[in-house]
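Novice: If you're matching them up, the sequences are chains A and B in order. So the numbering used here is basically just the index in the first sequence, starting at one, shifted up by 7. So the numbering used here is basically just the index in the second sequence, starting at one, shifted up by 8.
Careful: at least some of the hints might be erroneous.
[Stated by the list, open to error] Quick look at which bits of chain B chain A covers, simulated, 3 or more residues with Cβ under 8 Å: (1) 22-35; (2) 50-58.
[Stated by the list, open to error] BS3-like, lysine-lysine: derived pairs with alpha carbons at most 27 Å apart: (3) Lys66/B / Lys76/B; (4) Lys48/A / Lys119/B; (5) Lys48/A / Lys21/A; (6) Lys77/B / Lys109/B; (7) Lys27/A / Lys71/A; (8) Lys27/A / Lys73/A; (9) Lys73/A / Lys109/B; (10) Lys66/B / Lys119/B; (11) Lys66/B / Lys62/A; (12) Lys109/B / Lys27/A; (13) Lys109/B / Lys66/B; (14) Lys48/A / Lys73/A; (15) Lys48/A / Lys109/B; (16) Lys27/A / Lys48/A; (17) Lys109/B / Lys71/A; (18) Lys73/A / Lys62/A; (19) Lys21/A / Lys73/A; (20) Lys71/A / Lys48/A.
Keep in mind the hints are simulated off the structure, nothing from the lab. All residues carry an ideal CB built from backbone N, CA and C; glycine is no exception.
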Amino acid sequence: GAVVSQHPSWVICKSGTSVKIECRSLDFQATTMFWYRQFPKQSLMLMATSNEGSKATYEQGVEKDKFLINHASLTLSTLTVTSAHPEDSSFYICSAATSGSTGELFFGEGSRLTVL
Amino acid sequence: AQSVTQLGSHVSVSEGALVLLRCNYSSSVPPYLFWYVQYPNQGLQLLLKYTSAATLVKGINGFEAEFKKSETSFHLTKPSAHMSDAAEYFCAVSEASGTYKYIFGTGTRLKVLA
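Produce the entire structure from the sequences given, and follow the hints as far as they go.
Specialist: Here it is, written out as structure tokens:
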């Protein structure tokens, strides 16, 4: 089946620094990837839709200057949390779709960010 | 607009008992419906999906769900719970046009008692 991989799985950083999370589709090309944020014991909230070669579409309330998304190739999307603060600590999950997958998304393993 | 409601944020069952996790959806267009399972600190794994074919959908690990349009429901069931089923379960809806824009329910944490 389609595999989506995220890196790193865990990251701890100091407040004010920037952190980059990668999302790769390992065995398929993904024209569209999605980034979600999950707070403890809560559901997934869609942050943005990432389209290869174009600007990401952000959901209402998500700061696009804080959460930079780049989808430079058909197999890689990155999320950069800029000038991270403790309130940015969360579990970030990406997903991707294959063409003709009848609406099914494939999810990465998630990346837990802790900002000290 | 679409929405998903999962009744019961926590469900406890005894090992070997029936598992029933409830999901009701709202959609103005034909929906695709999904159930995902999430283990601690992991991503989501697809259990099963409804994409306008058979209304009774069988998934992995013995789970199944039935799409009931009249009740706008897509409840997840498993005849006999196993300890390894303890996890968080999410129901999700998207438009059948394949936009891939999922709306997730708030999740149900399943606890299996020995």
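Novice: Confirm or reject each hint.
Specialist: Results for each hint:
Check result for the region 22-35 of chain B against chain A: violated, 0 residues qualifying (beta carbon to beta carbon below 8 Å, three or more required). With 6 residues having a beta carbon nearer than 8 Å to a beta carbon of chain A, the region 50-58 of chain B meets the requirement of three or more and the stated coverage holds. Our distance criterion of 27 Å between C-alpha atoms is met by lysine 66/B and lysine 76/B, whose separation comes to about 15 Å. The suggested pairing of lysine 48/A with lysine 119/B holds, with an alpha-carbon distance near 14 Å, which does not exceed 27 Å.
At roughly 24 Å between alpha-carbon atoms, lysine 48/A and lysine 21/A fall within 27 Å of each other, so this suggested pair holds. For the hint pairing lysine 77/B with lysine 109/B, the CA-to-CA distance comes to about 21 Å; that is within 27 Å, so the pair holds. Restraint check for lysine 27/A and lysine 71/A: satisfied, since their Cα atoms lie roughly 14 Å apart, inside the 27 Å limit. Among the hinted pairs, lysine 27/A with lysine 73/A is consistent with the structure: their alpha-carbon atoms are about 12 Å apart, no more than 27 Å.
The hinted pair formed by lysine 73/A and lysine 109/B meets the criterion: a straight-line CA distance of about 22 Å does not exceed 27 Å. Restraint check: the Cα-Cα separation between lysine 66/B and lysine 119/B comes to about 22 Å, which is no more than 27 Å; the hinted pair holds. Our distance criterion of 27 Å between C-alpha atoms is broken by lysine 66/B and lysine 62/A, whose separation comes to about 38 Å. With a C-alpha separation of about 23 Å, the suggested pairing of lysine 109/B with lysine 27/A holds against the 27 Å cut-off.
With a C-alpha separation of about 23 Å, the suggested pair lysine 109/B and lysine 66/B falls inside the 27 Å cut-off, and the hint holds. The suggested pairing of lysine 48/A with lysine 73/A holds, with an alpha-carbon distance near 24 Å, which does not exceed 27 Å. Of the supplied pair hints, the one linking lysine 48/A and lysine 109/B holds, its CA atoms being roughly 22 Å apart against a limit of 27 Å. Under the criterion of a C-alpha separation no larger than 27 Å, the hint pairing lysine 27/A with lysine 48/A is consistent with the structure, at around 24 Å.
A threshold of 27 Å between alpha carbons decides the hint, and for lysine 109/B with lysine 71/A the separation of about 18 Å falls inside it, so the pair holds. Straight-line distance between C-alpha atoms of lysine 73/A and lysine 62/A comes to about 15 Å, which keeps the hinted pair within the 27 Å bound. Pair hint lysine 21/A plus lysine 73/A holds up; C-alpha atoms about 16 Å apart against a cutoff of 27 Å. Proximity of lysine 71/A to lysine 48/A is assessed by CA-CA distance (about 25 Å); at most 27 Å being required, the pair is judged to hold.
Checked against the numbered hints above, the structure breaks hints 1, 11 and satisfies the rest.
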